[in-house]
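*Asks:* Could you build the full structure based on these sequences and the hints that come with them?
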Amino acid sequence: MPTADELQRRIEAAIPDSSAQVIDLTGGGDHFRAQVFSPAFEGMTRIQQHRLVYDVFGDEVGGHIHALSITTRTSQ
Amino acid sequence: MTESNPIRDAIQQAIDEHSVILFMKGTPDQPACGFSARTVAALQALGTPFAAVDILPDPRIREELSAISNWPTIPQLFVGGDLIGGCDIVTEMFESGELAQALGVEQPEDAAAPEAEAAAAPPMGIENRLG
Numbered sequence: 001m002p003t004a005d006e007l008q009r010r011i012e013a014a015i016p017d018s019s020a021q022v023i024d025l026t027g028g029g030d031h032f033r034a035q036v037f038s039p040a041f042e043g044m045t046r047i048q049q050h051r052l053v054y055d056v057f058g059d060e061v062g063g064h065i066h067a068l069s070i071t072t073r074t075s076q
Numbered sequence: 001m002t003e004s005n006p007i008r009d010a011i012q013q014a015i016d017e018h019s020v021i022l023f024m025k026g027t028p029d030q031p032a033c034g035f036s037a038r039t040v041a042a043l044q045a046l047g048t049p050f051a052a053v054d055i056l057p058d059p060r061i062r063e064e065l066s067a068i069s070n071w072p073t074i075p076q077l078f079v080g081g082d083l084i085g086g087c088d089i090v091t092e093m094f095e096s097g098e099l100a101q102a103l104g105v106e107q108p109e110d111a112a113a114p115e116a117e118a119a120a121a122p123p124m125g126i127e128n129r130l131g
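In the order they appear, the protein sequences are chains A and B.
Taken in order, the first sequence gives residues 1 to 76; the numbers are from my numbering.
Taken in order, the second sequence gives residues 1 to 131; the numbers are from my numbering.
Among the hints, a few may not be true.
Cross-link-like lysine to any residue pairs, in silico, SDA-like; alpha carbons within 20 angstroms at most [claimed, not checked]:
hint, chain 1, residue 1, chain 2, residue 2
1, B, 25, B, 10
2, B, 25, A, 63
3, B, 25, A, 65
Just so you know, the hints here were simulated from the structure itself, not pulled from any lab data.
Please read these numbers as outputs of a predicted model, since none were measured by experiment.
*Replies:* Right, here's the structure in full:
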């Protein structure tokens, strides 16, 4: 079962210069909300920004991560 | 030779044929997921007619849809054949007025929190199109 901390670490490791705040919405380890800040989002559409975050988890989103709600910003 | 994929073809055809189409869990009348409900509410708050496809009846619909769109979650809103986004992006765009702009409609004055209303269009079943 993934934890919010684990998701946060994986996002920050995968997306350049990013910082992430992740909360477990239900406490059940399967519905998360992530707010991600990274200059890497600059010039990208929202779709591209969110794909970058989804891509960190591949098939896990829709698998054991049932829901990952995403907000992206270029800076904090 | 490409393998025949009637479900993927039917999904692509539905996207091509409907200028505004939402793939969701459940129906606009009875959304089966909070994210789908919120997305329906945003569209209904703008008064835009939209086609809706329930992905739940057959797991292959979701698989093929995600293969077409390169997007892992449901709901998915397409406008003019392009993926606009899921619940997060649609909600954000609704609140900023960008969704109204993308749909070519006027933003209502009080657009802070969309509430669920009556369905704008009857649901459409992909599985019914596989003749």
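*Asks:* For the pair we were handed, residue 25 of chain B and residue 10 of chain B, check the Cα-Cα distance against 20 angstroms.
*Replies:* Cα-Cα ~18 angstroms, so holds.
*Asks:* For the pair we were handed, residue 25 of chain B and residue 65 of chain A, check the Cα-Cα distance against 20 angstroms.
*Replies:* With Cα atoms ~17 angstroms apart, residue 25 of chain B and residue 65 of chain A stay inside 20 angstroms; holds.
*Asks:* Within a Cα-Cα threshold of 20 angstroms, do residue 25 of chain B and residue 63 of chain A meet the stated pairing?
*Replies:* Cα-Cα ~16 angstroms, so holds.
Going through the hint list in order, the structure satisfies each hint without exception.
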